[in-house]
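Participant: Spelled out, the chains give:
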Amino acid sequence: MIRRACEIGVDAVFTADDFAFGSGPLMSPDSFRTKVLPSLKRASKEISVPWILHTDGNILPLVEDLLAMGIKGIHPLDPNCMDIRAFKQKYGRRVCILGNVNVETLTAGTAEETYAETRDSSEISPQVTIHSSSGNSIPEYARIENVQALVRAHEDFADCQNI
Amino acid sequence: MGDGIIKTLDDFRKHFHLPDPLDECLYEPLKAFTGRKEEFAVIFSTRLGFISTVISIGFQTYLEALYLDPELMMQSRGPMSTGTAR
Numbered sequence: 001m002i003r004r005a006c007e008i009g010v011d012a013v014f015t016a017d018d019f020a021f022g023s024g025p026l027m028s029p030d031s032f033r034t035k036v037l038p039s040l041k042r043a044s045k046e047i048s049v050p051w052i053l054h055t056d057g058n059i060l061p062l063v064e065d066l067l068a069m070g071i072k073g074i075h076p077l078d079p080n081c082m083d084i085r086a087f088k089q090k091y092g093r094r095v096c097i098l099g100n101v102n103v104e105t106l107t108a109g110t111a112e113e114t115y116a117e118t119r120d121s122s123e124i125s126p127q128v129t130i131h132s133s134s135g136n137s138i139p140e141y142a143r144i145e146n147v148q149a150l151v152r153a154h155e156d157f158a159d160c161q162n163i
Numbered sequence: 001m002g003d004g005i006i007k008t009l010d011d012f013r014k015h016f017h018l019p020d021p022l023d024e025c026l027y028e029p030l031k032a033f034t035g036r037k038e039e040f041a042v043i044f045s046t047r048l049g050f051i052s053t054v055i056s057i058g059f060q061t062y063l064e065a066l067y068l069d070p071e072l073m074m075q076s077r078g079p080m081s082t083g084t085a086r
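For the protein sequence lines, the chains are A and B, in the order given.
So for the first sequence, our numbering puts the first residue at 1; every next one is plus one.
So for the second sequence, our numbering puts the first residue at 1; every next one is plus one.
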């Protein structure tokens, strides 16, 4: 389906496969490389437009393997387990970063708190592209005014030129 | 993650069904969006087979099968990945 979707003219492909818990990968990096990565690589060859990969959790031990597959964007960098500033510094010039606004803020915070958190995560370093988004999938119980505040802050602060 | 319903190759053969990726009817809803690309970006969202397999098999069975039942692993994850991709 990905091959045909690309032929039809989608602008990007977003794949969601969770590879990690908050504490780290679901399996050892060696097992991931030998038992999971080969099938992902084969499937990813059909992606001919920019590829955004979503995976929950602390993926630091797997990042180099994921980048080597050719992903252009990575989501959601949950702030509960990923340090976006450190991630930006190390990988920000190699991949577009999406996410990092805490889902707990979206569901239990205020619109002002959401706006401020989105603004803070949107701080741009030179040549680094970050698209503020939810730090995990937005649940149905998220406050709509908070989601609107996220979008508003993103439009106010984020650099959308370099994806 | 739930326990999943696929525990054996027989389970897999019984329960695994994907639509034919060559069936053009699948893409009609997508074309409604790609036909309006001047208005918005169109992002195609799917899975690449890994978490689909974990959910179908169950997390514990998945991790055990990585080492104890590699045939179940390959037989189940392969079609999920290739069926999504092609």
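Simulated from the structure, these hints should not be mistaken for lab results.
Be aware that a few hints might be false.
Rough simulated footprint, nothing fancy, chain A against chain B, three-plus residues with beta-carbon under 8 Å [to be verified]:
hint: 1; region: 8-16
hint: 2; region: 19-32
hint: 3; region: 71-78
Heads up, the beta-carbon is just placed ideally off N, CA and C, and yes, glycines get one too.
Participant: Would you mind marking each hint as holding or not holding in the structure?
Facilitator: Hint-by-hint comparison with the structure:
Beta-carbon proximity to chain A at under 8 Å applies to 0 residues in the region 8-16 of chain B; the threshold of 3 is not reached and the given coverage is violated. Coverage of a stretch by a chain is defined here by at least three residues with a beta carbon nearer than 8 Å to that chain's beta carbons; for the region 19-32 of chain B and chain A the count is 6, and the condition holds. Note: the region 71-78 of chain B has 3 residues with beta-carbon separation from chain A under 8 Å; the three-residue rule is met and the coverage holds.
Consistency with the previously given hints fails for number 1 only.
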